[in-house]
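Protein sequence lines, in the order shown, are assigned to chains R and Y. The UniProt record's numbering applies: residue 1 is where the first sequence begins, and numbers increase by one. The UniProt record's numbering applies: residue 1 is where the second sequence begins, and numbers increase by one.
Read the hints as simulated data drawn from the structure, not as lab findings. The reader is advised that the hints may include incorrect statements.
One copy or two, either will do: identical chains are not told apart, so a pair holds if it fits within one copy or between any two.
Think about it this way: if two alpha-carbon atoms lie no more than 20 Å apart in a straight line, the pair counts; the simulated SDA-like pairs of lysine to any residue are [what the hints assert, rightly or not]:
hint	residue 1	residue 2
1	K124	N281
2	K256	K303
3	K294	S330
4	K294	H47
5	K23	L365
6	K43	I32
Protein chains: 2
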Amino acid sequence: MLILGHELSDCNSVYYPEMEITKPTLLLSKEIALRNIQNMARKANDHGLNFRPHFKTHQSAEIGEWFRDAGVKCITVSSLTMANYFADIGWDDITIAFSVNIPEIPEMNELAGRINLNLLIENKEGLAALQEKITWHTGVFIKIDTGYNRTGIESSRTQLIDELLETIQKSPLLQFKGFLSHTGHTYHANSTHDIFSRHFDALLKMKALKMRYRSEWPELMISMGDTPSCSICDNFDGVDEIRPGNFVFYDLTQFKLGVCQLTDIAVRMVCPVIAVHPSRNEVVIYGGAIHFAKDSIINIDGKPLFGRIVVEENDKKILLDERNYLHALSQEHGILKITPRDLSYFKPGNLIEIIPVHSCLTANLMKEYLTTEGEIIKMLPFY
Amino acid sequence: MLILGHELSDCNSVYYPEMEITKPTLLLSKEIALRNIQNMARKANDHGLNFRPHFKTHQSAEIGEWFRDAGVKCITVSSLTMANYFADIGWDDITIAFSVNIPEIPEMNELAGRINLNLLIENKEGLAALQEKITWHTGVFIKIDTGYNRTGIESSRTQLIDELLETIQKSPLLQFKGFLSHTGHTYHANSTHDIFSRHFDALLKMKALKMRYRSEWPELMISMGDTPSCSICDNFDGVDEIRPGNFVFYDLTQFKLGVCQLTDIAVRMVCPVIAVHPSRNEVVIYGGAIHFAKDSIINIDGKPLFGRIVVEENDKKILLDERNYLHALSQEHGILKITPRDLSYFKPGNLIEIIPVHSCLTANLMKEYLTTEGEIIKMLPFY
Chain R
1 MLILGHELSD CNSVYYPEME ITKPTLLLSK EIALRNIQNM ARKANDHGLN FRPHFKTHQS
61 AEIGEWFRDA GVKCITVSSL TMANYFADIG WDDITIAFSV NIPEIPEMNE LAGRINLNLL
121 IENKEGLAAL QEKITWHTGV FIKIDTGYNR TGIESSRTQL IDELLETIQK SPLLQFKGFL
181 SHTGHTYHAN STHDIFSRHF DALLKMKALK MRYRSEWPEL MISMGDTPSC SICDNFDGVD
241 EIRPGNFVFY DLTQFKLGVC QLTDIAVRMV CPVIAVHPSR NEVVIYGGAI HFAKDSIINI
301 DGKPLFGRIV VEENDKKILL DERNYLHALS QEHGILKITP RDLSYFKPGN LIEIIPVHSC
361 LTANLMKEYL TTEGEIIKML PFY
Chain Y
1 MLILGHELSD CNSVYYPEME ITKPTLLLSK EIALRNIQNM ARKANDHGLN FRPHFKTHQS
61 AEIGEWFRDA GVKCITVSSL TMANYFADIG WDDITIAFSV NIPEIPEMNE LAGRINLNLL
121 IENKEGLAAL QEKITWHTGV FIKIDTGYNR TGIESSRTQL IDELLETIQK SPLLQFKGFL
181 SHTGHTYHAN STHDIFSRHF DALLKMKALK MRYRSEWPEL MISMGDTPSC SICDNFDGVD
241 EIRPGNFVFY DLTQFKLGVC QLTDIAVRMV CPVIAVHPSR NEVVIYGGAI HFAKDSIINI
301 DGKPLFGRIV VEENDKKILL DERNYLHALS QEHGILKITP RDLSYFKPGN LIEIIPVHSC
361 LTANLMKEYL TTEGEIIKML PFY
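Chain R with its partners taken away, still in its complex shape (with noise of 0.2 Å):
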């Protein structure tokens, strides 16, 4: 555990003000990340599961291939978009985790030619548009809801899966993968014990599916796969794929949830300071909605944080306690709540860093990386 105010270590090689950076950059520790990937690979590895990651965090062809040198060959994404530009990037076994969406069936059609691809099903309009408009081999999967209520098949709605599945076996194109599901109320949990009982309330919903089944489909698969019950559990029973994709960033999110340390979170805003207001014990920085994003969690004194804050002290790293923490965001500026003890760290013009509190959504905004080493990292384009 990292004791408060006192050094960070893992951010030290980057020494910015020679990188020029003038704007919001988000900084990517690589020595982190490939970290984060070889531990969940190592992991999945051991419980015998097939790792396919999700994509959508990161977005990003480069940090791809450091999920491809860690052994990994097939991946999860959340969007035909996304699924198109890993595809013609190599990735030729991709899931695209999200129910199908009707309309664009026939541009899935393109993808479905060229690679394994798997999509989800969830209820039957889905399912006969897909049998009726998909002209190639494609996995299917059915989404199913194991209590977090997002979206989904309750797993005690066996009469309907027994329809669905009814309908993919005289689907001639269509080959029935196994059961996914998302527990993404893990989020939710108020303590790491909460995440295991969730866990496992999810893992014995899926396991009498797989039972229920598995006569008839010997080869069904169940897959899941969020990033708190990943990092943290280690009962993966009937599980056979596991598609966390926060793991390689991680966030001040997964470290409220108990689920990583801070010295595990790879990517952090760098900002310049633009007004220290001591009158009020705020700091105004370059850096707002635009490039954070406004997830937060709540702070200590009850309000929403939306990062915490990293200074530089004699070339060295300091994080400062939750009394200081980026507190509101509008478009482009970000206001600190700072301690009057540590109101110093601030000068027009200086560069601090921010760890966020949501790294999918903030990575989703940058669109590009700064690697420790001084590399530029691009993301998806458009998206």
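With chain R held as given, fit chain Y onto it using these hints.
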């Protein structure tokens, strides 16, 4: 006033299925945007005000031309990146309405050499850096905080203002243009009366500065601008220039403030329906945080609302009442709360429209518009 549940006529001209919309698409009514531009241009003209609209809302070369057609010759932007983009397409009089970001001053010189550039200062450090590094004639506004408390100098701090002016006077390249403020606390008003009173208070503060300094600086301007007060107030006593931005599109935030009608909102997101969950009165759409951004307003049920819903019935657009709304967003998914009565409007694969809460952030994410005339309009490509 629009009657809920009845026809919303202004966007009827778009019959999008023929345009083959397959994924979240930001629809722009050119007719409404042009009307909004003309109304504000006329208002500025009627009050003898210089109209310097803020282009951060639309960030588009083409929409900029619509302003030019309405007689606009000078603009406001919120970053050097945006200033460069608009300078490259012929805008030669630009104010960067963001207190000077010291690390970017060297890059500003290139721009200052080819257009009339105005910068904002609010502290000695920013001014000293400008004085030291600027190599071309540049206009300078002093940024005043009229009560928003985001950033700027309180109007009562005349000693600091005196010191800044003394320095500016000695700087051969810096030309003092006047005092600039953004009365952004009109966005936190509880009523239109409250907008009037906040605007009036800001007027008094700015006029007091004008009175105090105009003998020494007879050319000084007072520049103000926020969409709420520019839209509904008629007292601009002492003001020389207005810089509103959001009004070109408006949005639900402005509607809730009483600043515009729903029929003045020029943008809507078209989203495909993915799944219908009658058991919890929810509908899942393709359209999430990476399309809308995450600003919300409080709905009549006390919960956050991320958008209002427009459906189609017999070729007419129908606005559903507030019991139906976009109530949650994850990266790609949007969750609608829908009353049992209105669930029948939603079928997987259909397209619906969402009126956004904050059009600036939504446009910033989408990077292009589809106009009601079937044209694709691009925005500033990477930002």
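* Copy assignment of K294 with H47, given that the CA separation must stay at most 20 Å -> Neither, since 36 Å and 37 Å both go past 20 Å.
* With identical chains treated as interchangeable, where does the CA-CA distance between K124 and N281 reach 20 Å or less: within a copy, between copies, both, or neither? -> between (57 Å within a copy, 18 Å between copies)
* Classify it for me, K23 with L365: is the Cα-Cα distance of at most 20 Å met within a copy, between copies, both or neither? => both (14 Å within a copy, 19 Å between copies)
* Have a look at K43 and I32 and pick one of within, between, both or neither, based on CA distance no larger than 20 Å. => For K43 and I32, only the intra-copy Cα distance (16 Å) is at most 20 Å; the inter-copy one is 55 Å.
* Asked: Given a CA cutoff of 20 Å, do K256 and K303 count as a within-copy pair, a between-copy pair, both, or neither?
  -> Within one copy, since 15 Å is at most 20 Å while 24 Å is not.
* To do: Go through the copies and call it for K294 and S330: within, between, both or neither, with a Cα cutoff of 20 Å.
  => both (9 Å within a copy, 12 Å between copies)
Going down the numbered hints, you'll see the structure goes against just number 4.
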